[in-house]
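K.L.:
In case you want the letters, here they are:
Number of protein chains: 2
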Amino acid sequence: MPAEKLAIGIDIGGTKIAAGLVDGDGNISRRLQQATVGHDAAAVLATVTSMISELGAGITVAAVGVGAAGWMDPTGSTVLFSPHLAWRNEPLRAELEAATGRRVLLNNDADAAGWAEYRFGAARKQSHVVCLTLGTGIGGSIVIDGKLQRGRFGVGSEFGHQIVVPGGQRCACGNRGCWEQYASGNALAREARSLMAVHSPMAHALRDAANNDPHLVTGELVTSLAAAGDLACQELIIEVGQWLGRGLANLAAVLDPGIFVIGGGLGAAVPSLIAAAETTYQENLSGRGYRPFAQVARAELGPDAGMVGAADLARIALAG
Amino acid sequence: MPAEKLAIGIDIGGTKIAAGLVDGDGNISRRLQQATVGHDAAAVLATVTSMISELGAGITVAAVGVGAAGWMDPTGSTVLFSPHLAWRNEPLRAELEAATGRRVLLNNDADAAGWAEYRFGAARKQSHVVCLTLGTGIGGSIVIDGKLQRGRFGVGSEFGHQIVVPGGQRCACGNRGCWEQYASGNALAREARSLMAVHSPMAHALRDAANNDPHLVTGELVTSLAAAGDLACQELIIEVGQWLGRGLANLAAVLDPGIFVIGGGLGAAVPSLIAAAETTYQENLSGRGYRPFAQVARAELGPDAGMVGAADLARIALAG
Chain L
29 MPAEKLAIGI
39 DIGGTKIAAG
49 LVDGDGNISR
59 RLQQATVGHD
69 AAAVLATVTS
79 MISELGAGIT
89 VAAVGVGAAG
99 WMDPTGSTVL
109 FSPHLAWRNE
119 PLRAELEAAT
129 GRRVLLNNDA
139 DAAGWAEYRF
149 GAARKQSHVV
159 CLTLGTGIGG
169 SIVIDGKLQR
179 GRFGVGSEFG
189 HQIVVPGGQR
199 CACGNRGCWE
209 QYASGNALAR
219 EARSLMAVHS
229 PMAHALRDAA
239 NNDPHLVTGE
249 LVTSLAAAGD
259 LACQELIIEV
269 GQWLGRGLAN
279 LAAVLDPGIF
289 VIGGGLGAAV
299 PSLIAAAETT
309 YQENLSGRGY
319 RPFAQVARAE
329 LGPDAGMVGA
339 ADLARIALAG
Chain R
29 MPAEKLAIGI
39 DIGGTKIAAG
49 LVDGDGNISR
59 RLQQATVGHD
69 AAAVLATVTS
79 MISELGAGIT
89 VAAVGVGAAG
99 WMDPTGSTVL
109 FSPHLAWRNE
119 PLRAELEAAT
129 GRRVLLNNDA
139 DAAGWAEYRF
149 GAARKQSHVV
159 CLTLGTGIGG
169 SIVIDGKLQR
179 GRFGVGSEFG
189 HQIVVPGGQR
199 CACGNRGCWE
209 QYASGNALAR
219 EARSLMAVHS
229 PMAHALRDAA
239 NNDPHLVTGE
249 LVTSLAAAGD
259 LACQELIIEV
269 GQWLGRGLAN
279 LAAVLDPGIF
289 VIGGGLGAAV
299 PSLIAAAETT
309 YQENLSGRGY
319 RPFAQVARAE
329 LGPDAGMVGA
339 ADLARIALAG
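In order, the protein sequences belong to chains L and R. Position one of the first sequence corresponds to residue 29 (the numbering used here), numbered consecutively onward. Position one of the second sequence corresponds to residue 29 (the numbering used here), numbered consecutively onward.
FYI, nobody ran anything at the bench for these hints, they're computed from the structure. Take the hints with a grain of salt, since some may be wrong.
The list cannot tell twin chains apart, which means a pair is met if one copy fits it or any two copies do.
[Said to hold, decoys possible] Here are the simulated lysine to any residue pairs, SDA-like style, with alpha carbons at most 20 Å apart: (1) K153 x Q323; (2) K153 x F181; (3) K153 x P102; (4) K175 x G52; (5) K175 x P102.
Just need the whole structure built from these sequences, with the hints factored in.
P.N.:
Below you can see the structure in the form of structure tokens.
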């Protein structure tokens with residue numbers, strides 16, 4: 029791999045910033061990590077700038093790709109809105125280019141992760157790809173005929189904010205009944221707390237593990253208890269998987285993909301959840317029997333997907 | 029317009045078959061119409077063949093485009109399934125090409141209609157287009173960057189079969205709670221019958237107009253009473269419009285279009301329904317305030333859209 033094909037990928041999350049040197053095959057040769065400094069946009073800019081300097085010192089880098097939770101404008105220049113950080117109409121691309129002297133491209137983190145799965149992971153060479161990043165919420169991306177589809181204003185593939193239950197659970201987005209309130213790590217934790225709250229005899233392992241404190245119940249706790257054999261937690265996971273499957277059927281009605289790739293902390297970790305999702309998807313697909321089922325696959329690239337995809341998108345858009 | 033740019037468009041509906049000679053600007057210079065002979069696929073084939081012969085006699089025709097309710101394979105060759113006609117994995121393209129000696133392309137009728145709105149109607153020159161055909165149900169189409177997006181297996185943009193109410197109204201597709209059970213002419217008629225059934229004093233005009241017979245209540249009856257000033261029917265239309273708007277917000281979360289075009293018998297006829305849909309769409313759009321609203325426009329081409337779009341798609345795909 030010639031050196032000019034190297035690109036820097038940056039994944040800015042709510043708690044940490046990961047950066048790496050990524051080659052044209054998606055391999056990471058160096059990596060750095062820093063804590064995200066809360067809501068301080070200037071501090072994040074300074075941290076990212078210094079990480080780019082360190083990774084790029086003495087070598088030729090084609091471009092810098094940044095993935096972050098939030099909405100980027102269609103040109104990859106401006107952060108329209110970020111849920112975790114203080115960016116509102118922030119010209120982050122120009123700021124980073126001025127600070128580093130390098131060419132920069134911004135992408136939504138889920139778009140970057142989905143692109144990486146299309147290029148190097150579970151969706152290689154597929155023509156119609158829908159990726160989901162299942163963590164505390166749902167991130168999404170669409171790749172059709174080798175092109176990331178971001179929508180007219182750059183804010184498409186926010187699958188988690190489709191309303192699937194009218195008047196349902198309140199969502200941080202301001203609406204009620206969003207899909208990510210039923211199919212996510214947050215949904216898993218909420219339902220587990222709800223089972224504890226009704227003093228269910230099913231929930232004794234949950235209560236013990238959480239010291240009877242609902243605040244200590246997380247999606248990770250539920251998945252670890254399920255893996256250790258706790259029936260109540262296993263059932264909670266199946267329930268979340270079924271909601272996931274219903275939403276996949278809705279997405280298939282709109283997008284008719286050849287493959288769904290499920291990644292993210294929750295998606296990658298729990299095979300029984302994906303299995304339940306696939307079964308429910310097939311049971312709910314409109315027109316089943318007269319059309320093929322899309323494949324439902326687990327993501328292959330793990331937590332590096334966002335960094336790898338951001339670097340690759342920047343290299344393709346900006347190199348040469 | 030040179031003669032070789034003429035194409036024949038055929039729109040096969042559940043009750044009638046419309047055919048026309050369409051030029052490269054979407055103008056129809058000749059047209060024919062025949063009744064659809066129920067579930068008799070051979071009779072439909074014979075009728076379409078004779079219409080093509082009549083329209084094409086003595087002139088140069090670039091291609092024949094057929095639009096029909098149902099699912100076509102991605103190459104436009106085979107009808108996978110049609111709700112109104114007896115086609116199941118029917119190689120209609122090869123049959124018509126053999127019968128007429130002309131080149132033929134099949135498309136879903138809503139895809140054809142949406143394409144026509146993109147090329148010659150309300151969505152001209154728009155990069156990200158979502159079209160809905162609102163009649164007894166909901167047909168849909170997606171055009172991104174000048175390309176009709178049909179999905180991996182050719183069966184995408186079936187927006188009406190997204191489940192928006194878990195366990196809701198039963199749908200002909202076999203599922204419950206599909207969007208088209210809440211935002212369509214059928215939904216309008218069902219809700220009107222429901223209002224009559226509870227002997228509502230609001231429904232006196234409906235009862236009179238339908239001779240107290242629920243079987244005589246149709247979407248058209250409700251819209252005509254609403255246009256004549258009946259308050260109950262006006263409210264029923266607003267309710268259907270609000271359901272339409274909720275679904276548009278869901279579609280915007282996935283596709284982020286620049287414009288929604290609403291056509292079809294119900295969509296084209298009732299401005300108050302579209303106005304209610306637009307308001308509800310804006311009130312329910314996830315991320316409102318941090319992103320632009322898509323335009324919500326009425327279709328411009330009326331009932332000819334399917335014929336014009338089918339002809340245009342065939343000419344572009346097949347002509348010289």
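K.L.:
All hints, please: hold or fail.
P.N.:
Each hint, compared with the structure:
In this assembly of identical chains, the alpha carbons of K153 and Q323 lie at most 20 Å apart only when taken from the same copy (14 Å versus 34 Å across copies). With identical chains, the CA atoms of K153 and F181 are at most 20 Å apart between copies only, with a shortest distance of 16 Å across copies and 27 Å within one. For a Cα distance limit of 20 Å, the shortest separation of K153 from P102 across copies, 17 Å, qualifies, whereas the shortest one inside one copy, 24 Å, does not. For a Cα distance limit of 20 Å, the shortest separation of K175 from G52 inside one copy, 17 Å, qualifies, whereas the shortest one across copies, 29 Å, does not.
When the C-alpha separation of K175 and P102 is checked against a cutoff of 20 Å, the pair qualifies both within a copy, at 13 Å, and between copies, at 18 Å.
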